[in-house]
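There are 2 protein chains.
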Amino acid sequence: MNNINFSKLNGLVPAVIQDYASLQVLMVGFMNEEAFNKTRKEGKVTFFSRSKNRLWTKGETSGNFLYVKEITTDCDNDAILIKAEPAGPVCHTGKKSCFGEEETKGFFYKLEQIIDQRIKDDV
Amino acid sequence: MNNINFSKLNGLVPAVIQDYASLQVLMVGFMNEEAFNKTRKEGKVTFFSRSKNRLWTKGETSGNFLYVKEITTDCDNDAILIKAEPAGPVCHTGKKSCFGEEETKGFFYKLEQIIDQRIKDDV
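The listed protein sequences correspond, in order, to chains R and C. The first sequence runs 6 to 128 under this note's numbering. The second sequence runs 6 to 128 under this note's numbering.
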């Protein structure tokens with residue numbers, strides 16, 4: 006992974022959290038370098054919260070952590086994409102995603118997930 | 006759609022562009038209110054480019070426009086998610102996504118897409 010450019014936005018870069026299995030976008034937050042390093046080290050997504058003005062590990066109160074599966078950065082190193090496994094609903098409204106969509110994918114998507122998982126598990 | 010809060014980040018909000026069919030995240034940019042309104046009006050994604058310091062319609066040079074399929078905002082109205090149909094490779098490197106992933110989904114995902122499309126087309 007390339008070095009992230011934290012200089013463009015007062016030390017922050019946007020971080021998109023995507024469900025690693027369904028590919029649904031779950032939320033968007035910001036990370037500073039400390040949040041990014043903590044996320045990589047602990048394997049749970051930590052943002053820099055602009056409203057709290059401190060590091061904020063998603064799930065620190067609710068227990069609904071976002072477990073990191075894959076981290077990628079974009080071509081100019083100023084955005085982060087994290088595929089994660091959510092421990093529960095991501096949004097404070099109780100919905101799966103902060104973008105309010107319920108999962109709309111059908112049978113074959115779910116079947117593909119199960120097949121992928123079984124290949125990984127070598128069942 | 007709720008009113009977007011453009012006040013948090015000097016008039017900008019992050020906008021995530023996701024392939025409407027494969028759900029791959031293609032790129033992340035920023036929009037100001039003018040870019041957002043232009044995007045809604047024209048049906049093609051326009052960002053506010055921080056490097057160019059002006060509105061930037063993705064594809065204005067390459068022709069690889071991002072045709073808007075669906076726009077949603079998040080629970081606190083400070084991030085935008087756009088499902089789009091890309092006219093060609095999104096990244097300036099020639100890759101499909103600025104996050105450098107090639108599509109990894111298998112046969113069933115593609116089949117599901119075809120079925121979805123045929124249902125929509127009422128074939």
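It is possible that some hints are incorrect.
[Unchecked claim] BS3-like mimics (lysine-lysine), calculated; alpha carbons at most 27 Å apart, straight line:
#, chain 1, residue 1, chain 2, residue 2
1, C, 115, R, 125
2, R, 100, C, 88
3, R, 74, C, 49
4, C, 57, R, 101
5, R, 57, C, 13
6, R, 100, R, 74
7, R, 88, C, 101
8, C, 43, R, 88
9, R, 74, R, 115
10, R, 43, C, 115
11, C, 101, R, 100
12, R, 101, C, 100
13, R, 100, C, 57
14, C, 115, R, 88
15, C, 43, R, 115
16, C, 74, R, 100
17, R, 88, C, 100
18, R, 100, C, 100
19, C, 88, C, 57
20, R, 13, C, 115
21, R, 101, C, 88
22, C, 115, C, 46
23, C, 88, C, 115
24, R, 46, R, 115
25, C, 13, R, 49
26, C, 57, R, 74
27, C, 74, R, 115
28, C, 13, R, 43
29, R, 115, C, 49
30, R, 88, C, 88
31, C, 57, R, 115
32, R, 88, C, 74
33, C, 13, R, 115
34, R, 74, C, 115
35, C, 125, R, 13
36, C, 101, R, 125
37, C, 43, R, 13
38, R, 74, C, 43
To be clear, the hints were calculated from the coordinates, so they are not data collected in a lab.
Quick check: which numbered hints come out false for this structure?
-> Going through the list in order, the structure violates hints 3, 4, 8, 10, 11, 12, 13, 15, 18, 20, 22, 24, 26, 29, 31, 33, 35, 38 and respects the others.
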